[in-house]
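Chains as they are written, first to last, in my numbering: chain A, 1 to 495; chain B, 1 to 495.
Some hints here could point you the wrong way.
Which copy is meant is left open, so a pair is good if it fits within one copy or across any two.
[As the list claims (entries may be wrong)] For lysine-lysine, the following DSSO-like pairs were computed, each having C-alpha atoms within a straight-line distance of at most 30 Å: (1) Lys109 x Lys15; (2) Lys103 x Lys3; (3) Lys319 x Lys177; (4) Lys435 x Lys177.
None of these hints come from the bench; they were simulated from the model.
Protein chains: 2
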Amino acid sequence: MSKPAYQQLCDHYQKLDHFNHLAAICGWDQATMMPSGGNQVRSEAMATLSLQIHELATAPLLAELFDKAQDESLDVEQHASLREMQRHWRQATVLPADLVKAKSLAGSKCEHAWREQRPNNDWEGFEKNWAEVVRLSQQEAQIRAEAAGLSPYDAMLELYEPGVTSSELDTLFSEVKQWLPPLIDQVIDKQASESLIQPTGRFPVAQQKALGLEVMETLQFDFSHGRLDESVHPFCGGVKSDVRLTTRYHDSDFVQSLMGIVHETGHARYEQGLPHHLSGLPVGEARSMGIHESQSLFFEMQLGRSEPFIAMLSKLANKHFVDTPAKVLTQDNFHKLYTRVKKDFIRVDADELTYPAHVILRYEIERDLMNGTLDHRDVPELWDSKMQQYLGLSTKGNFKNGCMQDIHWTDGAFGYFPSYTLGAMYAAQFMAAMKQQLDVEGLVAKGEMTPIFDWLSSNVWEKASLLSTGELVQQATGEKLNARYFQQHLRERYL
Amino acid sequence: MSKPAYQQLCDHYQKLDHFNHLAAICGWDQATMMPSGGNQVRSEAMATLSLQIHELATAPLLAELFDKAQDESLDVEQHASLREMQRHWRQATVLPADLVKAKSLAGSKCEHAWREQRPNNDWEGFEKNWAEVVRLSQQEAQIRAEAAGLSPYDAMLELYEPGVTSSELDTLFSEVKQWLPPLIDQVIDKQASESLIQPTGRFPVAQQKALGLEVMETLQFDFSHGRLDESVHPFCGGVKSDVRLTTRYHDSDFVQSLMGIVHETGHARYEQGLPHHLSGLPVGEARSMGIHESQSLFFEMQLGRSEPFIAMLSKLANKHFVDTPAKVLTQDNFHKLYTRVKKDFIRVDADELTYPAHVILRYEIERDLMNGTLDHRDVPELWDSKMQQYLGLSTKGNFKNGCMQDIHWTDGAFGYFPSYTLGAMYAAQFMAAMKQQLDVEGLVAKGEMTPIFDWLSSNVWEKASLLSTGELVQQATGEKLNARYFQQHLRERYL
Numbered sequence: 001m002s003k004p005a006y007q008q009l010c011d012h013y014q015k016l017d018h019f020n021h022l023a024a025i026c027g028w029d030q031a032t033m034m035p036s037g038g039n040q041v042r043s044e045a046m047a048t049l050s051l052q053i054h055e056l057a058t059a060p061l062l063a064e065l066f067d068k069a070q071d072e073s074l075d076v077e078q079h080a081s082l083r084e085m086q087r088h089w090r091q092a093t094v095l096p097a098d099l100v101k102a103k104s105l106a107g108s109k110c111e112h113a114w115r116e117q118r119p120n121n122d123w124e125g126f127e128k129n130w131a132e133v134v135r136l137s138q139q140e141a142q143i144r145a146e147a148a149g150l151s152p153y154d155a156m157l158e159l160y161e162p163g164v165t166s167s168e169l170d171t172l173f174s175e176v177k178q179w180l181p182p183l184i185d186q187v188i189d190k191q192a193s194e195s196l197i198q199p200t201g202r203f204p205v206a207q208q209k210a211l212g213l214e215v216m217e218t219l220q221f222d223f224s225h226g227r228l229d230e231s232v233h234p235f236c237g238g239v240k241s242d243v244r245l246t247t248r249y250h251d252s253d254f255v256q257s258l259m260g261i262v263h264e265t266g267h268a269r270y271e272q273g274l275p276h277h278l279s280g281l282p283v284g285e286a287r288s289m290g291i292h293e294s295q296s297l298f299f300e301m302q303l304g305r306s307e308p309f310i311a312m313l314s315k316l317a318n319k320h321f322v323d324t325p326a327k328v329l330t331q332d333n334f335h336k337l338y339t340r341v342k343k344d345f346i347r348v349d350a351d352e353l354t355y356p357a358h359v360i361l362r363y364e365i366e367r368d369l370m371n372g373t374l375d376h377r378d379v380p381e382l383w384d385s386k387m388q389q390y391l392g393l394s395t396k397g398n399f400k401n402g403c404m405q406d407i408h409w410t411d412g413a414f415g416y417f418p419s420y421t422l423g424a425m426y427a428a429q430f431m432a433a434m435k436q437q438l439d440v441e442g443l444v445a446k447g448e449m450t451p452i453f454d455w456l457s458s459n460v461w462e463k464a465s466l467l468s469t470g471e472l473v474q475q476a477t478g479e480k481l482n483a484r485y486f487q488q489h490l491r492e493r494y495l
Numbered sequence: 001m002s003k004p005a006y007q008q009l010c011d012h013y014q015k016l017d018h019f020n021h022l023a024a025i026c027g028w029d030q031a032t033m034m035p036s037g038g039n040q041v042r043s044e045a046m047a048t049l050s051l052q053i054h055e056l057a058t059a060p061l062l063a064e065l066f067d068k069a070q071d072e073s074l075d076v077e078q079h080a081s082l083r084e085m086q087r088h089w090r091q092a093t094v095l096p097a098d099l100v101k102a103k104s105l106a107g108s109k110c111e112h113a114w115r116e117q118r119p120n121n122d123w124e125g126f127e128k129n130w131a132e133v134v135r136l137s138q139q140e141a142q143i144r145a146e147a148a149g150l151s152p153y154d155a156m157l158e159l160y161e162p163g164v165t166s167s168e169l170d171t172l173f174s175e176v177k178q179w180l181p182p183l184i185d186q187v188i189d190k191q192a193s194e195s196l197i198q199p200t201g202r203f204p205v206a207q208q209k210a211l212g213l214e215v216m217e218t219l220q221f222d223f224s225h226g227r228l229d230e231s232v233h234p235f236c237g238g239v240k241s242d243v244r245l246t247t248r249y250h251d252s253d254f255v256q257s258l259m260g261i262v263h264e265t266g267h268a269r270y271e272q273g274l275p276h277h278l279s280g281l282p283v284g285e286a287r288s289m290g291i292h293e294s295q296s297l298f299f300e301m302q303l304g305r306s307e308p309f310i311a312m313l314s315k316l317a318n319k320h321f322v323d324t325p326a327k328v329l330t331q332d333n334f335h336k337l338y339t340r341v342k343k344d345f346i347r348v349d350a351d352e353l354t355y356p357a358h359v360i361l362r363y364e365i366e367r368d369l370m371n372g373t374l375d376h377r378d379v380p381e382l383w384d385s386k387m388q389q390y391l392g393l394s395t396k397g398n399f400k401n402g403c404m405q406d407i408h409w410t411d412g413a414f415g416y417f418p419s420y421t422l423g424a425m426y427a428a429q430f431m432a433a434m435k436q437q438l439d440v441e442g443l444v445a446k447g448e449m450t451p452i453f454d455w456l457s458s459n460v461w462e463k464a465s466l467l468s469t470g471e472l473v474q475q476a477t478g479e480k481l482n483a484r485y486f487q488q489h490l491r492e493r494y495l
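Assemble the whole structure, with the sequences as input and the hints as a guide.
If you want it as structure tokens, here you go:
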């Protein structure tokens, strides 16, 4: 007698997970350890591995097993597991191989040229390559839309935020657009009269590293299941059982790197906290990009910039940066450094308050691009007008700090941007719900953070992908996602 | 029209090489970087990868392609390439899967128990598990022997030293057995009146590391294609394009670790020097374990213990160990530290002169074990009598420092030991040939080592597996392997 179909599916996805494990570790190695001369052969080995992963993810035998498994008697978890396998499989199989390859090539070509075009502000050169990326992404969106019965942009959203639609986003973001620009102005006005001391001098890497590791310990990062290293672009990689965080140190500044470690530790603890008994199955994975970002932003913004946490950071910084004048490292100065608001062009450098303006701008543009109602050649003009409207800045003729600033669109990753602000909203709503049950600030002040992590664990981490995002948020907070808690949080912190 | 069979074979072996690449990097990571909690899932992922590698290495389609490729018009290199593919394939396919699995399980069980049994000197407990390892290894040897038309032990030798037979080893080693024991006595006698200073105090790891890296640079290790890290058991891992050396530092001693780095750098430069155009094919791999060891021993013994190299090491040690009394780090004391001869039980700690005695003892025992003329229960007694004969030491009742000291037999790796002393002999013969063309000591003294490495490159590294070991040695040195140069080298250094 052969195994039940559901069990065969589990075996198959475990195997796929093993190859993904190898890809994650070798990818981490490539970013952190590999000497430059190893890159060519490594890339070839990784390409062979990708092909193997693709073959397993799209194996035709799966369709048959899904049919059989539907008729087997499954418990609630197994039903959710089967649903996630099917979602995974649909996304992996829906596109013709030709299109996947063509988009990958067009994306690589566009990105490669972009590295030179961006510093040269060369929109005309960029536009020629980008036209193809946009065209192929529209094709992708169209095919996904037809298969899923959604609009093209909503079908792209499904890749990152399953279940979230643009109509929902339109409602959320139009609300934010009403209160955000005046709030930004009000806060900048208020901060104009405040004085803060920018850290200068040297912050030796060894000291920054020791400080970062101590902060991770405070945040209960499990060092028997992970480690911290350095890479040019910080990320949270590796696998659930062995999470590989990276950061980047600058000798002359610690502010960004330190809070970057807090942010990545949020991602890491979500991964480390996913349920072991579902390990290797799609249902055992993190729920979505937005929920993932909600955990990093919970750590970075909700917890990390709270007064008692800032107080602790200031204390630890004083301990490690022995040569830095104490006035730079006071709690008050730390608070000011980490809550300074400034209107600027670059999203990745934006502060908590102006960040959503950047995201909403990109969302509105990429939505219309994918739905075919906006010509890609009109993007710079639209960008300029929205930038003026939301942040009062003009990007006329300034392409490199406008629509050419990011790698996401260059590569054809349309549908990803909303996750950042969804994450910030989820995080605020989680914190509000948590505060109904816990004296969060009091706990942080006493250094007793376990109850905070227990709440996140039982409401988010342990849920993995068992629930839809909507169900997860509803169960954790008692209501569906809304922008109210986010607004409240920003007003309380910045006004 | 489909590709020629030979080309299809190349594609297949390239793919296999890519998976081996992933195994090498993830294996290195497991030994150097991975936190303990990552081990279980990693081991599962590695097991899945091993299965994938096994399937590719034994693919039935290969037999058919070999037949077709025989009839294609191939050049000399391609002929050699095909020969090595077939050798690789035969070794991978000749054993029934049941036997491979049974031996692997028996080996794991024996090794696991051995870790406790060895410190407890528990031969009786060990013998019970080891009986099964020996029995299954004998079966393996028998099957390999029938397929290859060789004696059982010679068939095991083929795995490590293709082309070398026990009749050849008997001749070489019986010669060594005549002059080695009296030479050892003579040298110990001579050294008895010499005084040397054992290094004491602290040698900070950071200083040892900086010293090791500088020595590797002197040896022209290519840091754009490799790196140095730490692991409990030092090894040379990774892949040709990205060689991963490891070492182990002890705060209280640098002597072993420093020369260990020189040794591993020899392995590494062989790998880095293998011809790029054959990369990914079996014929592009290192020739044998013995030739590999000849390169590490050329670096460690021929080059590394030569007077001008010792002088350089002493100078560099003085530069890095700023707190160590200069008298410990003189050239004279370094020379004495690195040429001290002592009869002792443990092979891995043995010096250059007594090492071959350990190897010959093991060779004679494992040969008779595999050929079925020795019962494994008689090993301790035979070990004791040979140890008395070669080194004048008794291991009666001292199993843990006798036949239970190594992991090789515990795991069932019979046939490997001769490679160590073959390597030492090849290295001495290479050096003698090189000295016919180059003023080696003069070059080292001037720090101009490039001609030395060029000789190794064109005579060994660039040859990969294009020639048989016999052809390689003949072409490089003008004669076949013999023990004369080794004897000469030892007499010159130690008398």
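Quick rundown of the hints versus the structure:
1. Lys109 x Lys15: between (33 Å within a copy, 26 Å between copies)
2. Lys103 x Lys3: between (39 Å within a copy, 28 Å between copies)
3. Lys319 x Lys177: neither (42 Å within a copy, 65 Å between copies)
4. Lys435 x Lys177: within (27 Å within a copy, 81 Å between copies)
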